[in-house]
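Chemist: From first to last, the protein sequence lines stand for chains D and R.
Under numbering that gives the first Met the number 0, think of the first position of the first sequence as 0, with each following residue one higher.
Under numbering that gives the first Met the number 0, think of the first position of the second sequence as 0, with each following residue one higher.
Hints are supplied without guarantee of correctness; some may be wrong.
[As the list claims (entries may be wrong)] Chain R stretches covered by chain D per the calculated footprint, using a threshold of three residues with CB under 8 Å from any CB of chain D:
no., segment
1, 26-40
2, 43-57
3, 61-71
4, 79-89
5, 122-129
6, 154-160
For the record, the hints were derived by calculation from the structure and aren't laboratory data.
Just so we're clear, the structure is a prediction, and the values are computed from it rather than from any experiment.
Yeah, the Cβ is synthetic: ideal placement off N, Cα and C, and Gly gets one too.
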Amino acid sequence: MADAEPTPPDTSGPPPGQGDLPERPPEFRIGRAAFLATVVAGVGGIFLGPRLSQWITNPITNALPSSLGDLIPGNGWRIYNVQDPFPTFHPATYRLVVQGLVERPVALDWAQITALPGESQTSTFHCVTGWTVDGVRWEGIRAQTLMDLVRPLPSAKYVTFQSLEGPYVDQLSLTQFTLPDVMIARQMDGGPISRAHGAPLRLVIPDMYGYKNVKWLSSLTFTADAAPGYWEVRGYDVDAWVGRSNGYG
Amino acid sequence: MATAEPRARIARFTLAERLMHWLLAAAFGVLLGTGFLMSVPALEGLVPRPVAKEWHIDAAIGLAAGVIVITLARARVIGRTIGDLERFDSDDGRWLAEVPRRIMSGTPAPPQGRFNAGQKLNTAVVAGLMVVSYISGFLLWYGERNTAYRFAGTINVHDDVMWLLIFLVIGHLYMALVNPATRAALAGMVRGSVDRAWAQRHHAKWVAEADRIAAADPARRSHTGASDRAGSPPPRLGGDVPAQKEH
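Input sequences plus hints: build the corresponding full structure.
Modeler: Here it is as structure tokens:
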């Protein structure tokens, strides 16, 4: 008779009696112990914070050239956006509008933007979801440079940052905008800001979580009124200080 | 004389076990792929983030639901499988301790049951890592809605677990598809049965147990077999396992 492919049983029924089986060597539930140890270690890691895991992943990813880094998940950068596709930067037609409660509103073209004096800095980027990228090099324009250009009125208390990504908007107080490490960044890590990272200009405020660092800037509006930004409307803090907001710290 | 008879086989995995495995494999593929879409900068923008996120969460829910349903529907079989997987004896201890020696000089391994010690350990760790993925994944989702549940370490653990699982899955795929000594096992997960002679070499205690039970009660030909421990699966009615054919 042909050796038909045997099918294993898939039934339920009473298990056999055990009387006919020989002595078994001692067995220990090592498997269960390994399972539980893994779970405990993992959950412990959540509460011990990123320090421990950054020992593991950061040395690996920091050792790699940044082009490879873009291919590796958990490397540091993740690109978030709220509307597809990413905005496109057209140097010929792009304008940075600076308007609102100012004496002299402007619409700067790309040549004018690149001609403005700038500064460089190296900062850490923190995302509210928990990941961090160290040593990001930025080059860009300080708030005072723009304010000297447009001369805000005494009634101006806030600056609203509008993104080319339609619904995305956020705001800083004037005091926050003029912090020493805040800038309108033109370059990232030695080159123009890439499309995914917010070309051509993004706000950089290292002491606040990434969602305040508006990408694909299209305009700055000086205003007297506070208005919650895109993520604040969705429950995130207005003053998004790293380690001191959004439930952290 | 070369025989035209096909080689004898011995049934190793029930339909329930195989379904569980392939459900996990498929879901893991979707989870990993959507996870990459959400976290590899070079891939961002390929698929809208909310879409990738939805698929990711749906796959996680689907996997959990499937595991629960299969476990409830075939509790006895799954319970036995877990029992096979979690018990280690001294042969298992020696198997693990002698891995370097076996790699270097190919000394024979101690006899193993239906699962060898490496498989048992891998399954336990993978299962634990999946649980950690679920916990950290849930906290990532819930933390968006309730700041009290935002922890700085959550996403890092979720990432690290992914790395570990990728490493283990690559090893698993190597054993199943490439390694000559183990790839005969793939048939067990696809068709349910494995080559009997292969099983005798690599899982001798299981084959012996299965044969012993079959001999003790011919009406209950052992199929998936008792492996290392007492309690074989219930009898299969109708059809035959040609357990007597030897080569």
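Chemist: Hint by hint, say whether it matches the structure.
Modeler: The hints, checked one at a time:
1. 26-40: The restraint on the segment 26-40 of chain R holds, since 6 of its residues have a Cβ under 8 Å from chain D and three suffice.
2. 43-57: Check passed, 4 qualifying residues.
3. 61-71: violated (count 0)
4. 79-89: That given contact holds, which follows from 6 residues of the segment 79-89 of chain R lying within Cβ reach (below 8 Å) of chain D.
5. 122-129: holds (count 6)
6. 154-160: holds (count 6)
Going through the hint list in order, the structure does not satisfy hint 3, though it satisfies all others.
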